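Residues per chain, in single letters:
2 protein chains.
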Amino acid sequence: MKPHRTIELWFDFSSNYCYPTIMRVESLAAAHGVAVQWRPFLLGPIFKAIGWSSSPLFLHEAKSRYVWRDMCRRAERFGLPFVQPSVFPRRTLLPMRIATLASESSWIGEFCRLSMLAHFGANRDIDTYEAMRGILDHLALPSAGLMADAESETNKALLRRRTEQAMVRGVFGAPMIFVGQEMFWGDDRLEDALEWATR
Amino acid sequence: MKPHRTIELWFDFSSNYCYPTIMRVESLAAAHGVAVQWRPFLLGPIFKAIGWSSSPLFLHEAKSRYVWRDMCRRAERFGLPFVQPSVFPRRTLLPMRIATLASESSWIGEFCRLSMLAHFGANRDIDTYEAMRGILDHLALPSAGLMADAESETNKALLRRRTEQAMVRGVFGAPMIFVGQEMFWGDDRLEDALEWATR
Chain A
1 MKPHRTIELW FDFSSNYCYP TIMRVESLAA AHGVAVQWRP FLLGPIFKAI GWSSSPLFLH
61 EAKSRYVWRD MCRRAERFGL PFVQPSVFPR RTLLPMRIAT LASESSWIGE FCRLSMLAHF
121 GANRDIDTYE AMRGILDHLA LPSAGLMADA ESETNKALLR RRTEQAMVRG VFGAPMIFVG
181 QEMFWGDDRL EDALEWATR
Chain B
1 MKPHRTIELW FDFSSNYCYP TIMRVESLAA AHGVAVQWRP FLLGPIFKAI GWSSSPLFLH
61 EAKSRYVWRD MCRRAERFGL PFVQPSVFPR RTLLPMRIAT LASESSWIGE FCRLSMLAHF
121 GANRDIDTYE AMRGILDHLA LPSAGLMADA ESETNKALLR RRTEQAMVRG VFGAPMIFVG
181 QEMFWGDDRL EDALEWATR
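The listed protein sequences correspond, in order, to chains A and B.
Residue numbers for the first sequence follow UniProt numbering, so the first one is 1 and each next one is one higher.
Residue numbers for the second sequence follow UniProt numbering, so the first one is 1 and each next one is one higher.
Simulated from the structure, these hints should not be mistaken for lab results.
Everything numeric in this text was worked out from a predicted model, so none of it was measured.
Misleading hints may appear alongside valid ones.
Because identical chains share one entry, a pair is satisfied inside a single copy or across any pair of copies.
With a Cα cut of at most 25 Å, we get these calculated SDA-like pairs of lysine to any residue [stated by the list, open to error]: (1) K48 with A62; (2) K63 with N123; (3) K63 with A49; (4) K48 with W68; (5) K48 with R73; (6) K48 with E61; (7) K63 with R189; (8) K156 with Q37; (9) K48 with W196; (10) K63 with V168; (11) K48 with R65; (12) K63 with I46.
Okay, chain A solo, but in the shape it has when bound:
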């Protein structure tokens, strides 16, 4: 059997542990000779279907405190800026729709990194036309047209479909990394997933 030289990264910009994964994945995958398929989906409807009112990481106070401390340490370890968001979880529907539209484009990685840097590196609301215009301008892309396309019925339906696919495949959190049918959950399994893809 040919090894899977591709990983699928299922992500949601609202998820804190997606931040280090999104920042690290392309360079790490390139170093392993592995391609990344970007798979934006919405965690909210999945948590709701499971019966969780929010991420299970944030339903208990001591655990939430721990997760933010863990995020600080991981960000420090990977040399990433990190500010605990003053609003959490944040709405990220517009950037998620743009990511859906762009998921096969050459700029998807850089778009995701800039969005997550604004969200978790600088504590900014990224669910606004202004924030997205700033990032798309930074990438020298036609922001008005892209935002209109992102909000088209076709693209909105595509994001809903991706979310349904995630549910069918057993996704219950993010980041979720697939290597073929093999699932790896969490930023702390990113290296394992890449090793699996190359073995």
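Starting from the known structure of chain A, fit chain B onto it as the hints suggest.
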């Protein structure tokens, strides 16, 4: 400030992710020049106080399936035998009481490893006099006397006190590793905790 050259390992034999940690901790800590303090406590009362009927890892089917697959992969990676327990979570009160009695002894590490190998490496019920006699005999220890001491009111109260201490310190899962006040949760944070202890 002097570095913390000690880690506290808070554990419960019923927790699956405690298995790889208990198997790995002493040799890994020794390689880092770090001492291990063994801190047995009961997860059940903590989950109950939080309002969880079981570990949050096992309250949803797709997540449970994932955790067992993840356990298989971790066991393979660390060269450990692993059989998914046919009963889970298993009662482990007698071995936990023996661990409480023995937590400052020279044989605590080996006792914990043998108990966890029986539980997660061989799918055996370890909450019996027979299972514990086998392990204590293996260690050439006076099993009858130790089991009686383990079930004394004093020792039972000590385990309850440890569990209360864990709750006060914000423990919400296991393994939980403390380096001073710094908390590290999960087998996948063991190396981070040891690095923290030596920095």
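Here's how the hints hold up against the structure:
| no. | hint | result |
| --- | --- | --- |
| 1 | K48 with A62 | both (23 Å within a copy, 14 Å between copies) |
| 2 | K63 with N123 | within (21 Å within a copy, 30 Å between copies) |
| 3 | K63 with A49 | both (22 Å within a copy, 13 Å between copies) |
| 4 | K48 with W68 | both (23 Å within a copy, 23 Å between copies) |
| 5 | K48 with R73 | neither (30 Å within a copy, 29 Å between copies) |
| 6 | K48 with E61 | both (20 Å within a copy, 15 Å between copies) |
| 7 | K63 with R189 | both (20 Å within a copy, 15 Å between copies) |
| 8 | K156 with Q37 | within (19 Å within a copy, 53 Å between copies) |
| 9 | K48 with W196 | neither (31 Å within a copy, 37 Å between copies) |
| 10 | K63 with V168 | between (28 Å within a copy, 13 Å between copies) |
| 11 | K48 with R65 | both (23 Å within a copy, 19 Å between copies) |
| 12 | K63 with I46 | both (21 Å within a copy, 12 Å between copies) |
When each numbered hint is compared with the structure, violations occur for hints 5 and 9.
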